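Colleague: Residue numbering for the sequence shown follows our numbering, beginning at 13 and increasing consecutively.
Hints listed in this document are in silico derivations from the structure and should not be mistaken for laboratory results.
A portion of the hints provided could be inaccurate.
As the list claims (entries may be wrong) - DSS-like cross-link-like pairs, simulated, lysine-lysine; straight-line CA separation at most 30 Å:
{"id": "1", "residue 1": "K133", "residue 2": "K20"}
{"id": "2", "residue 1": "K47", "residue 2": "K123"}
{"id": "3", "residue 1": "K47", "residue 2": "K250"}
{"id": "4", "residue 1": "K20", "residue 2": "K123"}
{"id": "5", "residue 1": "K237", "residue 2": "K160"}
{"id": "6", "residue 1": "K20", "residue 2": "K160"}
{"id": "7", "residue 1": "K36", "residue 2": "K47"}
{"id": "8", "residue 1": "K36", "residue 2": "K140"}
{"id": "9", "residue 1": "K250", "residue 2": "K213"}
{"id": "10", "residue 1": "K36", "residue 2": "K123"}
{"id": "11", "residue 1": "K47", "residue 2": "K237"}
{"id": "12", "residue 1": "K160", "residue 2": "K133"}
{"id": "13", "residue 1": "K36", "residue 2": "K133"}
{"id": "14", "residue 1": "K20", "residue 2": "K140"}
{"id": "15", "residue 1": "K237", "residue 2": "K250"}
{"id": "16", "residue 1": "K36", "residue 2": "K213"}
{"id": "17", "residue 1": "K160", "residue 2": "K47"}
{"id": "18", "residue 1": "K160", "residue 2": "K36"}
{"id": "19", "residue 1": "K140", "residue 2": "K213"}
{"id": "20", "residue 1": "K133", "residue 2": "K123"}
{"id": "21", "residue 1": "K250", "residue 2": "K36"}
{"id": "22", "residue 1": "K160", "residue 2": "K123"}
Unchecked claim - Distance ranges between label pairs, derived from CB positions:
{"id": "23", "residue 1": "E39", "residue 2": "A65", "range": "17 to 23 Å"}
{"id": "24", "residue 1": "I51", "residue 2": "I252", "range": "26 to 32 Å"}
{"id": "25", "residue 1": "P98", "residue 2": "K123", "range": "22 to 28 Å"}
{"id": "26", "residue 1": "R131", "residue 2": "T196", "range": "35 to 41 Å"}
{"id": "27", "residue 1": "R43", "residue 2": "I252", "range": "24 to 30 Å"}
{"id": "28", "residue 1": "S68", "residue 2": "T153", "range": "15 to 21 Å"}
{"id": "29", "residue 1": "I51", "residue 2": "R255", "range": "21 to 27 Å"}
{"id": "30", "residue 1": "A183", "residue 2": "N14", "range": "36 to 42 Å"}
Just so it is clear, the structure is predicted and the values come from calculations on it, not from any experiment.
Heads up, the beta-carbon is just placed ideally off N, CA and C, and yes, glycines get one too.
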Amino acid sequence: MNLAERQKPSPGDLVLDHVSHFVKDLEAAARLLEKLGFIVTPLSAQRVDGRPAGTSNRCVMLEQGYVELLAPRPDRGLRLACFGTPDAAAEHRRLADHGFAPLPLVNLSRKIDDRFLARFKVVRADGKMPEGRIQYVQHLTPQHLWQKRYVNEFRLEGIFVAARDPVAAAARWARFTGLIPRRTEEGIRLETARGSVLVAKRFPWRTPASPALAGYQLACRQPQKFAARCSAAGIRVKRIGSRYAAALPAALGGVWVFG
Numbered sequence: 013m014n015l016a017e018r019q020k021p022s023p024g025d026l027v028l029d030h031v032s033h034f035v036k037d038l039e040a041a042a043r044l045l046e047k048l049g050f051i052v053t054p055l056s057a058q059r060v061d062g063r064p065a066g067t068s069n070r071c072v073m074l075e076q077g078y079v080e081l082l083a084p085r086p087d088r089g090l091r092l093a094c095f096g097t098p099d100a101a102a103e104h105r106r107l108a109d110h111g112f113a114p115l116p117l118v119n120l121s122r123k124i125d126d127r128f129l130a131r132f133k134v135v136r137a138d139g140k141m142p143e144g145r146i147q148y149v150q151h152l153t154p155q156h157l158w159q160k161r162y163v164n165e166f167r168l169e170g171i172f173v174a175a176r177d178p179v180a181a182a183a184r185w186a187r188f189t190g191l192i193p194r195r196t197e198e199g200i201r202l203e204t205a206r207g208s209v210l211v212a213k214r215f216p217w218r219t220p221a222s223p224a225l226a227g228y229q230l231a232c233r234q235p236q237k238f239a240a241r242c243s244a245a246g247i248r249v250k251r252i253g254s255r256y257a258a259a260l261p262a263a264l265g266g267v268w269v270f271g
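Using the sequences and the accompanying hints, generate a full structural model.
Modeller: Dropping the structure here:
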């Protein structure tokens, strides 16, 4: 199975697919990431049911998942977390059954390199998850996204959720995802088949006011070198045990945790 096919969850599984930074200037945000050594995909305009959606993105494709830069959006920062599903229609029915009142299933598409048409089915429930836009995606054409020339040697391994009441928030995330919450020393964790959600009242780095997406976890082959690269670019890096936390500039928002 190639890298693109490995991104698709098996029947009955859920994975952490991607996170998204809502930005004011796509090109400036992309340059910042390129300065850190990331390969960023070309600009791609989104379409819903074949019509322009009014938004565009550039992405950092990873060996596991990806990071999206999205514009224009009225809000800024780390605002979206998306789970990968093998069956978007089933997730839509389940969310409706659990009182999340999802919007109609979205048929999303965008051109890659002006050649390939990437297609997705997206499930959203506006206003039901106060931490941000939390949604599902079913990839129909992953081979167009995870092209070898665009893949960076990082993996998306988890997201961090800041909550005033972690128990109540984790219970809501459990209903939304169908995952089982488990207490840990760090907070309450929900594990997907690939990637996790950690809900806590506080984290050992500065976070936005709760409720919020407080950052995400990346795995990389040489964390010390990556930490040095972040520091050289003016990004504040903090050592937390065996891991690092890099506070991203306001143009992106959020925190990278890696190690």
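Colleague: A separate judgement is required for each hint: does it hold in the structure or not?
Modeller: Do the hints match the structure? See the list:
1. K133 <-> K20: Cα-Cα ~13 Å, so holds.
2. K47 <-> K123: OK: K47 and K123 at ~25 Å, within 30 Å.
3. K47 <-> K250: holds (20 Å)
4. K20 <-> K123: The given pair, whose Cα atoms are some 20 Å apart, holds under the 30 Å limit.
5. K237 <-> K160: Between K237 and K160 the Cα gap is close to 23 Å, so the pair holds against 30 Å.
6. K20 <-> K160: Roughly 16 Å separates the two Cα atoms, so the pair holds.
7. K36 <-> K47: holds (18 Å)
8. K36 <-> K140: This hinted pair holds, its Cα atoms lying about 25 Å apart.
9. K250 <-> K213: holds (19 Å)
10. K36 <-> K123: Roughly 21 Å separates the two Cα atoms, so the pair holds.
11. K47 <-> K237: holds (14 Å)
12. K160 <-> K133: The hint holds at about 23 Å.
13. K36 <-> K133: Roughly 26 Å separates the two Cα atoms, so the pair holds.
14. K20 <-> K140: Roughly 26 Å between the alpha carbons, so the hint for K20 and K140 holds.
15. K237 <-> K250: Holds - the C-alpha atoms of K250 and K237 are around 14 Å apart, at most 30 Å.
16. K36 <-> K213: holds (29 Å)
17. K160 <-> K47: holds (20 Å)
18. K160 <-> K36: Cα-Cα ~28 Å, so holds.
19. K140 <-> K213: Holds, at roughly 19 Å.
20. K133 <-> K123: Holds, at about 15 Å.
21. K250 <-> K36: holds (26 Å)
22. K160 <-> K123: OK: K160 and K123 at ~17 Å, within 30 Å.
23. E39 <-> A65: 17 to 23 Å: With Cβ atoms ~19 Å apart, the hint holds.
24. I51 <-> I252: 26 to 32 Å: holds (27 Å)
25. P98 <-> K123: 22 to 28 Å: holds (24 Å)
26. R131 <-> T196: 35 to 41 Å: With Cβ atoms ~37 Å apart, the hint holds.
27. R43 <-> I252: 24 to 30 Å: 28 Å Cβ-Cβ, so the 24 to 30 Å window holds.
28. S68 <-> T153: 15 to 21 Å: holds (18 Å)
29. I51 <-> R255: 21 to 27 Å: holds (24 Å)
30. A183 <-> N14: 36 to 42 Å: Since A183 and N14 have Cβ atoms about 38 Å apart, the given range 36 to 42 Å holds.
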